[in-house]
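Student: Chains as they are written, first to last, in the working numbering: chain A, 1 to 304; chain B, 1 to 304; chain C, 1 to 304; chain D, 1 to 304.
No wet-lab data here; the hints were simulated from the structure.
Quick caveat, the model's predicted, so the values are computed rather than measured.
Hints are not guaranteed to be accurate.
Copies of the same chain are indistinguishable here, so a pair counts whether it falls within one copy or spans any two.
Heads up, simulated DSS-like pairs for lysine-lysine below, C-alpha to C-alpha not over 27 Å straight-line [as the list claims (entries may be wrong)]: (1) K239 x K250; (2) K152 x K239; (3) K152 x K233; (4) K301 x K239; (5) K250 x K152; (6) K152 x K240; (7) K233 x K250; (8) K240 x K60; (9) K57 x K2; (10) K233 x K6; (11) K301 x K152; (12) K250 x K57; (13) K6 x K239; (14) K71 x K152; (15) K71 x K2; (16) K233 x K301; (17) K143 x K240; (18) K6 x K240; (19) K152 x K57; (20) K250 x K143.
4 protein chains.
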Amino acid sequence: MKTPLKGIIPPLVTPLTDNVTLDIDGLERLIEHTLSGGVHGIFILGTTGEFAGLSYKLRKELIERTCQQVKGRVPVLVGITDSAYVESLNLAHIAVDSGADAVVLAPPYYFASGQPELLEYLQRIMVQMPLPLFIYNMPVHTKVVFDPETVKVAADIPGIIGMKDSSSNLAYFKQVQFALRHREDFTFMIGPEEFMAEFVLTGGHGGVNGGANMFPKLYVELYNASLNRDFEKIARLQKKVMQISTGIYKVGHYGSSYLKGLKCALSVMGICSDFMAEPFHRFNQPERDRVAEMLEQLDYKSLI
Amino acid sequence: MKTPLKGIIPPLVTPLTDNVTLDIDGLERLIEHTLSGGVHGIFILGTTGEFAGLSYKLRKELIERTCQQVKGRVPVLVGITDSAYVESLNLAHIAVDSGADAVVLAPPYYFASGQPELLEYLQRIMVQMPLPLFIYNMPVHTKVVFDPETVKVAADIPGIIGMKDSSSNLAYFKQVQFALRHREDFTFMIGPEEFMAEFVLTGGHGGVNGGANMFPKLYVELYNASLNRDFEKIARLQKKVMQISTGIYKVGHYGSSYLKGLKCALSVMGICSDFMAEPFHRFNQPERDRVAEMLEQLDYKSLI
Amino acid sequence: MKTPLKGIIPPLVTPLTDNVTLDIDGLERLIEHTLSGGVHGIFILGTTGEFAGLSYKLRKELIERTCQQVKGRVPVLVGITDSAYVESLNLAHIAVDSGADAVVLAPPYYFASGQPELLEYLQRIMVQMPLPLFIYNMPVHTKVVFDPETVKVAADIPGIIGMKDSSSNLAYFKQVQFALRHREDFTFMIGPEEFMAEFVLTGGHGGVNGGANMFPKLYVELYNASLNRDFEKIARLQKKVMQISTGIYKVGHYGSSYLKGLKCALSVMGICSDFMAEPFHRFNQPERDRVAEMLEQLDYKSLI
Amino acid sequence: MKTPLKGIIPPLVTPLTDNVTLDIDGLERLIEHTLSGGVHGIFILGTTGEFAGLSYKLRKELIERTCQQVKGRVPVLVGITDSAYVESLNLAHIAVDSGADAVVLAPPYYFASGQPELLEYLQRIMVQMPLPLFIYNMPVHTKVVFDPETVKVAADIPGIIGMKDSSSNLAYFKQVQFALRHREDFTFMIGPEEFMAEFVLTGGHGGVNGGANMFPKLYVELYNASLNRDFEKIARLQKKVMQISTGIYKVGHYGSSYLKGLKCALSVMGICSDFMAEPFHRFNQPERDRVAEMLEQLDYKSLI
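Isolated chain A (complex conformation):
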């Protein structure tokens, strides 16, 4: 894997047929669908992949099957976030044994840590980490922000090669980037697809954008347009992204609306099941009908 990693890395949803069973055909279709759209990597077991709701057995199977299916065509990144240190390391070992390229780690998310505690945690876990690691900033779920000063010190720990920020706070992430401006090898990836283009225009490396599960080509083209500073194209493609962001992701109530809308759309599109891990539940028919209608309005077949 070349560093810094660049491009569009979809945070894969985890196709399920029930609470303990992978939708294996769906997973295969989803991987091929995203790869055929030109994505630059695959990230499994992130927030979008509902990692926290999956059993370890299922996470293991998902890691193995994904690596087998991708077969080295693009880098595979594996989320190993867990509130238990040992389980994070176990997942990292499964990842390396399966042929994954890197792992992604957010802070332990039950009992929030102070910044020195967080830094020491990273220092201790990296001693045993068998793969390169991306720091994952996701404060809405973890209740902890990686202070720019913490990232600056952490970036010198051997094996830490980049960071994904899903805080939606671009002022924050630019402070982190500035603190590490001497580190040309360090990868900066952004979660929110709404401003991935802006982020790439001024030097960001790419996006870990949920919408790329549905429309990998759209996000890859938007990424390329940003690299090429093709503003007319950026405007046209970003409009589609904003339609998705303010449409498909807002059908439900509560924070889970994004997850439910995304899985529902993938199901309507025939790619994979919309079964969700607990504590969430797939949309009922009325919401599904609205998602289907929004897909039509997007003229979605033109986007695939």
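Given the coordinates of chain A, assemble chains B, C and D onto it according to the supplied hints.
Tutor: For chains B, C and D alone, kept in the frame of chain A given last:
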């Protein structure tokens, strides 16, 4: 187990020798120490038990050993909170197989749920739950409060027999109690030891108080004094509790100060190791010295 | 004014006929209504008094009229919380000139302060403060908690004579009380009426309870029952308080539900207008009907 | 004033000599300093202007003197945010009488409103509003976000002509922009200077950036470089902005660090006093020395 459950149920710390190994002798001593103080039950794998930082293997061992050691002398409650539904059920099955009396469940704590989602989650998981269950309200860590209306409906789900509230918001918990005033069999337990006496004076059933790891007799006597409305005794004993709360629990920085102080004190007292599960780390010598000094000021040997 | 201040101090609603006009007759009736119920003081311009939504002209008029109406029968406490230091001092001077007995101050509530900033603010403002002052802890609105250590130091500033806590966190307030256990003259008052009885049972001085606008006698009797440790009476009266708390205060949506329900009930009872200061608006007829029905269920005429 | 308003609008600090006195010479110098740097407007009484800490008398004087000094050379925007509706309108009338061009309004910031309450508040206040109005989104201080749906409806209220967003959440603000994509006359301004360039590159109208108090030319050039898509220049100038953001704004502790650093730098530069409105206090000498040193590292004289 008689309902409602009453009295002092220490949320047991988990004695560890390293990240993957139980301090077996420490666990045995800790259980005997609390039982000899007259506690009315034992609660393992709560927040104080660092459940979220422990591997499943270790949780399983802890459940089995605790049940073996307690041997039915008091009810054993087992925390099964997890962000993965399947793992919560697995833990419940281990609990029932080991002879535990009940389980305790907080909301999945990575991706916060809306109230209807939370209720449906309880409804679905209770279908397969092999033991009676206490709802566990712990919003600072889970980011979710069980609305009184949610609890009111949930309390009718077969198998849900009580609630432990660690929100520190007594106005809230009295609203919950009022909503369930027709339910004489429903148990109401409070986490914060600072106002356990007040809670019991007006009808609360008891406390799941961390300090009872160190001084079970103190908390049991305070509970009894509250039952007996012995205000002179309440004042005298509550002063000790407040010394602990504003002393031993405040030596460190960050939210983890309570956990570190408690485990450190148990180590100074010779009961069990102060090794902590990641991402936390035991106190260094200067903090340990302060804890030891505070124990002396408490005249702690008189409290055992 | 004797210290510590004890008993029930209603945080008076501010009767309005429109956004800039006091409902003078309503104010007179409300004051006489609460005094006739035996309250031990009157607190104007608190959160319940919608202080932040009132013009300074109106606040001045309210202070003057209240002091004239009360005529020294009980102490009058005046809220002087403001985001502007100078305006807080202006209000304090109006209070002293009008014959008020003390002032009540929460932190400046736009730009949140750190603890040392908060302490220095108190130290500076107290130099010019013409009346004794109660610290007002109201974190949900001010975004700032007075740390127990901050209160401990602040309590030594000449002129600071007590504290009102509306955090609903009884563990917190007991830590503050414990830090000041050597200060027999310092007043501790609690906002939430749901646990005023518990608070008084173990040494708290009383309640600044919104419901005492409607039913002063109920809250005074509950206070007395707590002093007398008459548990049968506490149980009976607290049930009424909980009916109010889970009924009248929960008719609306959003945080303003408490304020709207309280003013609506006072209007249904014929005491004062339910006009509300912006940004809020009185209940419409359907909500008013529900409040009226709840008042009937309370058998409210028996409570007056 | 042409709509949409475009460019750099510094949120002016309020120069003070003490808590109740304007630093009149400082204000004059500051206005001339920013105007000479080519700014496209002036915004007084925003968060950076410490509006919430100023007496009404002082706010009035500031509005009048600013309008007199600017003399129509650029539009003057006046912050009228207040927790009291009547005081907001009073400020708006002072603004129109003084010749200001528009007003800027954040939600009442003591008691947080629900979205329908917020919308109704805007609808009612706009009936009497004598000047065009910008909505001001500042959730860290007001505890309220304007939902994109709320803004969409509010934008149709006559007189509401734009929005300033200081949430730092670019995903959010792009959702607002998308909801109003049919409104070519509506102004979108961003507070955080760290990503003003990105915001302007894809269609944002400009920045209300605190750093433009110190270095108006730097921010105007960065704005122009963004309009001209001059990426080499953007990179060079944004580096300076990030030095300021991670240096001068981070010398202090607590949220007030930005305000203190900015006023301190202006004082070191000889532009105006660094006296701060309560509850804050200017930096002491050691912090002032660090700010002076940072200004040297910036080679700040080249930036003026």
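Student: So, for every hint listed, does it hold in this structure?
Tutor: Outcome of the hint check:
Only within a single protomer do K239 and K250 lie at most 27 Å apart by alpha-carbon distance; the minimum there is 16 Å, versus 36 Å between protomers. In this homomeric assembly, K152 and K239 come within 27 Å of each other (Cα to Cα) only across copies, at 17 Å, whereas the closest approach inside a single copy is 35 Å. Proximity of K152 to K233 under the C-alpha cut-off of 27 Å is restricted to the inter-copy arrangement: shortest distance 26 Å between copies versus 35 Å within a copy. Proximity of K301 to K239 under the C-alpha cut-off of 27 Å is restricted to the intra-copy arrangement: shortest distance 16 Å within a copy versus 42 Å between copies.
Taking the closest pair of Cα atoms, K250 and K152 come within 27 Å of each other only across two copies (15 Å); inside a single copy the shortest separation is 36 Å, beyond that limit. Within a single copy, K152 and K240 get their C-alpha atoms only as close as 36 Å, which misses the 27 Å cut-off; across copies the closest is 19 Å, which meets it. In the homo-oligomer, the alpha carbons of K233 and K250 lie at most 27 Å apart inside one protomer (25 Å), although the nearest pairing across protomers, at 38 Å, exceeds that limit. Taking the closest pair of Cα atoms, K240 and K60 never come within 27 Å of each other, the shortest separation being 35 Å inside a single copy and 47 Å across copies.
Taking identical chains as interchangeable, the C-alpha atoms of K57 and K2 are never at most 27 Å apart, the minima being 31 Å within one chain and 37 Å between chains. Taking identical chains as interchangeable, the C-alpha atoms of K233 and K6 lie at most 27 Å apart whether they share a chain (20 Å) or sit on different chains (23 Å). Proximity of K301 and K152 under a CA criterion of 27 Å is satisfied in neither setting, with 44 Å inside one chain copy and 29 Å between copies. For the homomeric pair K250 and K57, neither the shortest alpha-carbon distance inside one copy (32 Å) nor that between copies (40 Å) is at most 27 Å.
For the identical chains of this complex, K6 and K239 are neighbours both inside a copy (23 Å) and across copies (22 Å), given an alpha-carbon limit of 27 Å. For the identical chains of this complex, K71 and K152 are neighbours neither inside a copy (34 Å) nor across copies (47 Å), given an alpha-carbon limit of 27 Å. In this assembly of identical chains, the alpha carbons of K71 and K2 lie at most 27 Å apart only when taken from the same copy (17 Å versus 58 Å across copies). Proximity of K233 to K301 under the C-alpha cut-off of 27 Å is restricted to the intra-copy arrangement: shortest distance 19 Å within a copy versus 40 Å between copies.
For the homomeric pair K143 and K240, neither the shortest alpha-carbon distance inside one copy (31 Å) nor that between copies (31 Å) is at most 27 Å. With identical chains, the CA atoms of K6 and K240 are at most 27 Å apart both within one copy (22 Å) and between copies (26 Å). In this homomeric assembly, K152 and K57 never come within 27 Å of each other (Cα to Cα): the closest approach is 35 Å inside a single copy and 35 Å across copies. Both within a single protomer and between protomers do K250 and K143 lie at most 27 Å apart by alpha-carbon distance, with minima of 23 Å and 21 Å respectively.
Hint compliance for this structure: hints 8, 9, 11, 12, 14, 17, 19 are not met, and every other hint is.
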